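Following the hints, position chain B against chain A.
Those protein sequence lines, which keep their order, are chains A and B.
For the first sequence, position 18 matches number 114 in my numbering, and the numbering has no gaps at all.
For the second sequence, position 232 matches number 223 in my numbering, and the numbering has no gaps at all.
Rather than coming from a laboratory, the hints here were simulated on the basis of the structure.
Do not rely on the hints blindly, as some may be mistaken.
As the list claims (entries may be wrong) - Covered stretches of chain A, as calculated for chain B (at least 3 residues, CB under 8 Å):
#1 169 to 182
#2 200 to 214
#3 310 to 322
#4 359 to 370
Stated by the list, open to error - Over 12 Å on every C-beta distance to chain B, these chain A residues come out as not near it, computed from the model:
#5 ALA131
#6 ASP187
#7 VAL196
#8 ILE239
#9 LEU253
#10 PRO269
Being a predicted model, the structure only gives us computed values, none of them experimental.
Note that beta-carbon positions come from the ideal geometry of N, C-alpha and C, so glycine has one too.
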Amino acid sequence: MLTILFDGIAYGMLLFVLACGLSVTLGLMNFVNLAHGAFAMAGGYATALLMNRAGLPFLLTLPFAFGLPALAGLVLERILYRPLYGRPHLDQVLFSIGLVFMAVSGTDWALGSGQQFIRLPAWLQGRAEVLGVPVGLYRSFIIVVCGVLVVALQLVLSRTRFGSRLRASVDDPRVARGLGIDVGRIFALTFAVGSGLAGLGGALGAEILGLDPTFPLKIMIYVLIVVTVGGTSSIAGPFLAALLLGVADVAGKYYVPSLGAFVIYAVMIAILVLRPQGLFARAR
Amino acid sequence: MSAPPPGLAAVEAGFAARARLRLVEPALALVAVACFFAFPDRHLLMAEIAVLALFALSLDLILGYAGIVSLGHAAFLGLGAYAAGIVAVRVTPDPLLGLAAAGIVGGLAGLATSPLVLRGADLTRLMVTLGVALVMGEIANRESWLTGGADGLQGIAMGPVLGFEFDIVGRVANAYALAVLVVLALLARLVVLSPFRASLVAIRDNPLRARAVGIPVNRRLVAIYGLSAAYAGVAGGLLCQTTQFVSLDVFGFERSADVLLVLVIGGTGWLYGGLVGAVLFKLLVDALSSLTPQYWHFWIGLILVVLVLVGRDRMRDGARRLVGRLGPPRTAP
Chain A
97 MLTILFDGIA YGMLLFVLAC GLSVTLGLMN FVNLAHGAFA MAGGYATALL MNRAGLPFLL
157 TLPFAFGLPA LAGLVLERIL YRPLYGRPHL DQVLFSIGLV FMAVSGTDWA LGSGQQFIRL
217 PAWLQGRAEV LGVPVGLYRS FIIVVCGVLV VALQLVLSRT RFGSRLRASV DDPRVARGLG
277 IDVGRIFALT FAVGSGLAGL GGALGAEILG LDPTFPLKIM IYVLIVVTVG GTSSIAGPFL
337 AALLLGVADV AGKYYVPSLG AFVIYAVMIA ILVLRPQGLF ARAR
Chain B
-8 MSAPPPGLAA VEAGFAARAR LRLVEPALAL VAVACFFAFP DRHLLMAEIA VLALFALSLD
52 LILGYAGIVS LGHAAFLGLG AYAAGIVAVR VTPDPLLGLA AAGIVGGLAG LATSPLVLRG
112 ADLTRLMVTL GVALVMGEIA NRESWLTGGA DGLQGIAMGP VLGFEFDIVG RVANAYALAV
172 LVVLALLARL VVLSPFRASL VAIRDNPLRA RAVGIPVNRR LVAIYGLSAA YAGVAGGLLC
232 QTTQFVSLDV FGFERSADVL LVLVIGGTGW LYGGLVGAVL FKLLVDALSS LTPQYWHFWI
292 GLILVVLVLV GRDRMRDGAR RLVGRLGPPR TAP
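Just chain A, with the same shape it has in the complex (with noise of 0.2 Å):
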């Protein structure tokens, strides 16, 4: 019992890590952005290619994981996406299940349709007792990592002056322009940073939920669900949703794996329903 919500927690951990870039684009700059999986998945393929190839050791692999994408989403905002703001839904769309579409297939044509394996260093791998509890040593390691990368992000946005600046840019662009704040560099850089963590959660999650080239489309509904259910204002919100999300959905697999995923469906659909602002979403 206790197990699973722990394993629960890891999850829905790593799916926030994996989801908060998305939440800060759709908030920031009201771009539905399909293809966030994609980094991920080059996160994650970075990491497998370079323990594998490379024989690089699992933890000096992880900036690499989160570089590699960060770069490219730098790259990619500049060239694709900054044309498309402001552009109606059905193009970012579109354009954004393109980029998957190239994505899923240009890895298996590079790098074969077959499951990339990651071997964990010995210290990460077996269970350990904790307070008569036992515990996955890795998904420990994940809730750790990810849990201090939740505390920095908390600080930055609420602490430093990049954080004031991106909250004011988010609550009204228009204005955040008038006052001097050079919105679009704020944008680019946290869409690169939230690529960059993207690609380092794929890179943690590689273990547990399985790296093929369709990962781009099996993670993208997952991730819609934490930032549309949690709703784009706060950081606190997805966060809340993705651990909701990732307890219900080890439990409910544990449980009642005849349902499989029919009831966090239909969750969402009703919470949508009833709240279409997302469930811990400000009212405006």
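Just chain B now, with coordinates in the frame of chain A:
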């Protein structure tokens, strides 16, 4: 405020002018018939095109006219396909009855889920429609006693349609699909050229104002969503009957995404956009998959990205200039 508003007669004349049959419409039918006889070895491909065109038409009804962006239109396609398949296996092999069942099931499901798309902005609608398709897929997967689960629904044997037996090269299947497409397109033409369409476009462009001038916004949206779902259901029924097989991928995300692409290639808010798009898309996929059987989705994705970056409007305007005044009735304002 100086010019007097056009009187009722002028408005009616406008609708009548729109409703006049343009030159290109019988020409399209002729081309279809000509293709039927000209390419006797491509009957199956043509049947596929007809099914896809009908599916795209159904999406256009809500996307082009009412402005509802859906990522889960395959939900109704899948329901229709399973309805037709189950009717064929358990009740009667008659295709027309199966098709009617597919349309009714699709339409009812559309009406039942329409309250879900009335609320919220684009993103919420995207997620809700996607969620509905996912839920349907999960249900179909779970109720394997009825649907065959992951193995697909097998043992569909169709009876003769109006006395014609289905043959192996797909002649009858093709003629049947084309006939259904023509009948339903004519029906949609009636809908699209009516004042009902005008009220939908008003809602699409400005829901608040539409409500203010007295258009019952929600009722109209429910009606068109139900109609669109019924069309998608019939398309699914056709898909099942012409291929004599249904599998879980009819609910798949790729289906919903592909049909969006079809519609975008052909142009939204235009009755024949789905048809043109379906022809171009199928020929493209056919050519690409003979070139790279495994990776054709990459090129589809590239086309999508380029299409959006270049701009859908610009492309459509160019095409319209090309077609000139021969063009069928434009319904965009």
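Query - Closest CB of chain B to the CB of PRO269(A) still more than 12 Å away - result: holds, 17 Å
Report task. Test coverage of the region 169 to 182 of chain A by chain B using CB-CB distances below 8 Å; three residues minimum. Result -> holds (count 3)
**Report entry** Minimum Cβ distance from ILE239(A) to chain B greater than 12 Å, as the annotation requires
**Finding:** Since the minimum Cβ distance to chain B is about 28 Å, ILE239(A) lies beyond 12 Å and the statement holds.
Query raised in the report: Okay, the region 310 to 322 of chain A and chain B, do three or more residues pass the C-beta test at under 8 Å?
Result: holds (count 4)
Query raised in the report: Was VAL196(A) rightly flagged as not at the interface, with every chain B Cβ beyond 12 Å?
Result: violated, 7 Å
Report task. Examine the region 200 to 214 of chain A for residues whose CB is less than 8 Å from any CB of chain B, and state whether their number is three or more. Result -> holds (count 5)
Report task. Could you let me know if the closest chain B CB is still more than 12 Å away from the CB of ASP187(A)? Result -> violated, 5 Å
Query raised in the report: Can we trust that LEU253(A) is non-interface, i.e. its beta-carbon lies farther than 12 Å from all of chain B?
Result: holds, 22 Å
Query raised in the report: Checking C-beta pairs, does the region 359 to 370 of chain A have three or more residues closer than 8 Å to chain B?
Result: holds (count 6)
Query raised in the report: Is ALA131(A) truly not at the interface, in the sense that its beta carbon sits beyond 12 Å from all beta carbons of chain B?
Result: violated, 10 Å
Hints 5, 6, 7 from the list above are not met by this structure, while the remaining hints are.
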